[in-house]
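Chemist: Listed here are the chains, written in short residue letters.
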Amino acid sequence: DAKTTQPTSMDCAEGRAANLPCNHSTISGNEYVYWYRQIHSQGPQYIIHGLKNNETNEMASLIITEDRKSSTLILPHATLRDTAVYYCIVRPLVGKLIFGQGTTLQVKP
Amino acid sequence: EPEVTQTPSHQVTQMGQEVILRCVPISNHLYFYWYRQILGQKVEFLVSFYNNEISEKSEIFDDQFSVERPDGSNFTLKIRSTKLEDSAMYFCASSTSSSNEQFFGPGTRLTVL
Numbered sequence: 006d007a008k009t010t011q012p013t014s015m016d017c018a019e020g021r022a023a024n025l026p027c028n029h030s031t032i033s034g035n036e037y038v039y040w041y042r043q044i045h046s047q048g049p050q051y052i053i054h055g056l057k058n059n060e061t062n063e064m065a066s067l068i069i070t071e072d073r074k075s076s077t078l079i080l081p082h083a084t085l086r087d088t089a090v091y092y093c094i095v096r097p098l099v100g101k102l103i104f105g106q107g108t109t110l111q112v113k114p
Numbered sequence: 106e107p108e109v110t111q112t113p114s115h116q117v118t119q120m121g122q123e124v125i126l127r128c129v130p131i132s133n134h135l136y137f138y139w140y141r142q143i144l145g146q147k148v149e150f151l152v153s154f155y156n157n158e159i160s161e162k163s164e165i166f167d168d169q170f171s172v173e174r175p176d177g178s179n180f181t182l183k184i185r186s187t188k189l190e191d192s193a194m195y196f197c198a199s200s201t202s203s204s205n206e207q208f209f210g211p212g213t214r215l216t217v218l
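Those protein sequence lines, which keep their order, are chains A and B. Heads up: the first sequence begins at 6 in our numbering, then just goes up one per residue. Heads up: the second sequence begins at 106 in our numbering, then just goes up one per residue.
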């Protein structure tokens, strides 16, 4: 079973920042936080991952709390194309991905 | 930008028939995966493959399933005798190493009648 808890759904206005929370209170010291998204039954798409430091790339930022029990994915300027299911996954650096139900983000005009 | 490709996009088969789903991973990738997603459900891991052997498999991946890398470019998933409950989207993924992000293909929709 997935070791993360995410809200089932969220809305965001186009152009605003989308902040997607994830709880992973049982995360182990060697486990990373990964974020993927799935746009309308397409293959999952990697977004970002981190261990304990905040991370940023061209798609998003990942903020991990100091105790590593939760994190937030930030899409700085959401567009309609960002409407998708977002998955927060914790796993060791190697191995399979275990997907939960994710958060359905609806970006509205 | 290199991408994982999968064929066919949609496969319809009769129960009990064998199907082979094909994937072409990104060319310099060494680790290969199959996942499936039954309609409306979670994406589920099936199997990972490295150095011409299975490195990990799930409980779903029973004796009816097999994987192969027949020619150094293709990566296939075979289901020997399909069941109705095998109907799902099947996603292939690849990565440069087991620690890097996995890149997913667009999926094959398998419908078993």
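Hints were generated in silico from the structure; no laboratory data involved. Don't take every hint at face value.
[Unchecked claim] Partner residues aside, some chain A positions facing chain B, computed with beta carbon under 10 Å:
1. Pro-12
2. Thr-13
3. Cys-17
4. Gly-20
5. Arg-21
6. Gln-43
7. Ser-46
8. Gln-47
9. Gln-50
10. Tyr-51
11. Ile-53
12. Pro-97
13. Gly-100
14. Gln-106
[Claimed, not checked] Simulated crosslink set (DMTMM-like; lysine to aspartate or glutamate; CA at most 25 Å straight-line):
15. Lys-188(B) - Glu-206(B)
16. Lys-8(A) - Asp-176(B)
17. Lys-8(A) - Glu-173(B)
18. Lys-188(B) - Glu-164(B)
19. Lys-162(B) - Glu-206(B)
20. Lys-74(A) - Asp-167(B)
21. Lys-8(A) - Glu-19(A)
22. Lys-57(A) - Asp-72(A)
23. Lys-188(B) - Glu-173(B)
24. Lys-57(A) - Glu-36(A)
25. Lys-147(B) - Asp-72(A)
26. Lys-147(B) - Asp-16(A)
27. Lys-8(A) - Glu-161(B)
28. Lys-183(B) - Asp-167(B)
29. Lys-188(B) - Asp-167(B)
30. Lys-147(B) - Asp-167(B)
31. Lys-183(B) - Glu-106(B)
32. Lys-8(A) - Asp-168(B)
33. Lys-113(A) - Asp-87(A)
34. Lys-147(B) - Asp-176(B)
35. Lys-8(A) - Glu-60(A)
36. Lys-57(A) - Glu-19(A)
37. Lys-183(B) - Glu-164(B)
38. Lys-147(B) - Glu-36(A)
39. Lys-188(B) - Glu-108(B)
40. Lys-162(B) - Glu-36(A)
Don't be surprised by glycine CBs; every beta carbon is placed ideally from N, CA and C.
Chemist: For every hint, state whether the structure bears it out.
Modeler: Tested hints:
1. Pro-12: With a minimum Cβ separation of about 16 Å from chain B (threshold 10 Å), the hint on Pro-12(A) is violated.
2. Thr-13: Status violated, d = 13 Å.
3. Cys-17: Cys-17(A) check fails; min Cβ-Cβ to chain B is 23 Å, beyond 10 Å.
4. Gly-20: violated, 26 Å
5. Arg-21: For Arg-21(A), the interface hint is violated, since the closest Cβ of chain B sits about 27 Å away, which is over 10 Å.
6. Gln-43: Holds. Min distance 7 Å.
7. Ser-46: holds, 6 Å
8. Gln-47: This hint holds: Gln-47(A) lies near chain B, its Cβ roughly 6 Å from the closest one there, short of 10 Å.
9. Gln-50: holds, 7 Å
10. Tyr-51: With Cβ-Cβ at 4 Å, under 10 Å, it holds.
11. Ile-53: The hint holds - Ile-53(A) has a Cβ within 10 Å of chain B, the shortest such distance being about 9 Å.
12. Pro-97: holds, 9 Å
13. Gly-100: Interface hint status for Gly-100(A): holds (7 Å vs cutoff 10 Å).
14. Gln-106: OK, holds: Gln-106(A) within 10 Å of chain B, min 6 Å.
15. Lys-188(B) - Glu-206(B): violated, 32 Å
16. Lys-8(A) - Asp-176(B): Roughly 37 Å separates the two Cα atoms, so the pair is violated.
17. Lys-8(A) - Glu-173(B): violated, 31 Å
18. Lys-188(B) - Glu-164(B): holds, 16 Å
19. Lys-162(B) - Glu-206(B): holds, 19 Å
20. Lys-74(A) - Asp-167(B): violated, 35 Å
21. Lys-8(A) - Glu-19(A): violated, 30 Å
22. Lys-57(A) - Asp-72(A): holds, 9 Å
23. Lys-188(B) - Glu-173(B): holds, 21 Å
24. Lys-57(A) - Glu-36(A): Holds, at about 10 Å.
25. Lys-147(B) - Asp-72(A): violated, 28 Å
26. Lys-147(B) - Asp-16(A): Answer holds: Lys-147(B) to Asp-16(A) is near 21 Å, not above 25 Å.
27. Lys-8(A) - Glu-161(B): holds, 19 Å
28. Lys-183(B) - Asp-167(B): Satisfied, since the Cα-Cα distance of roughly 11 Å is no more than 25 Å.
29. Lys-188(B) - Asp-167(B): Holds, at about 13 Å.
30. Lys-147(B) - Asp-167(B): Judged against 25 Å, a Cα distance of about 19 Å means the pair holds.
31. Lys-183(B) - Glu-106(B): violated, 28 Å
32. Lys-8(A) - Asp-168(B): violated, 28 Å
33. Lys-113(A) - Asp-87(A): holds, 10 Å
34. Lys-147(B) - Asp-176(B): At roughly 31 Å apart (the allowed maximum being 25 Å), Asp-176(B) and Lys-147(B) break the hint.
35. Lys-8(A) - Glu-60(A): holds, 21 Å
36. Lys-57(A) - Glu-19(A): Given that 25 Å is the threshold and the Cα spacing comes to 29 Å, the pair is violated.
37. Lys-183(B) - Glu-164(B): holds, 16 Å
38. Lys-147(B) - Glu-36(A): The hint holds at about 21 Å.
39. Lys-188(B) - Glu-108(B): Judged against 25 Å, a Cα distance of about 30 Å means the pair is violated.
40. Lys-162(B) - Glu-36(A): Distance ~20 Å between Lys-162(B) and Glu-36(A) Cα, so the pair holds.
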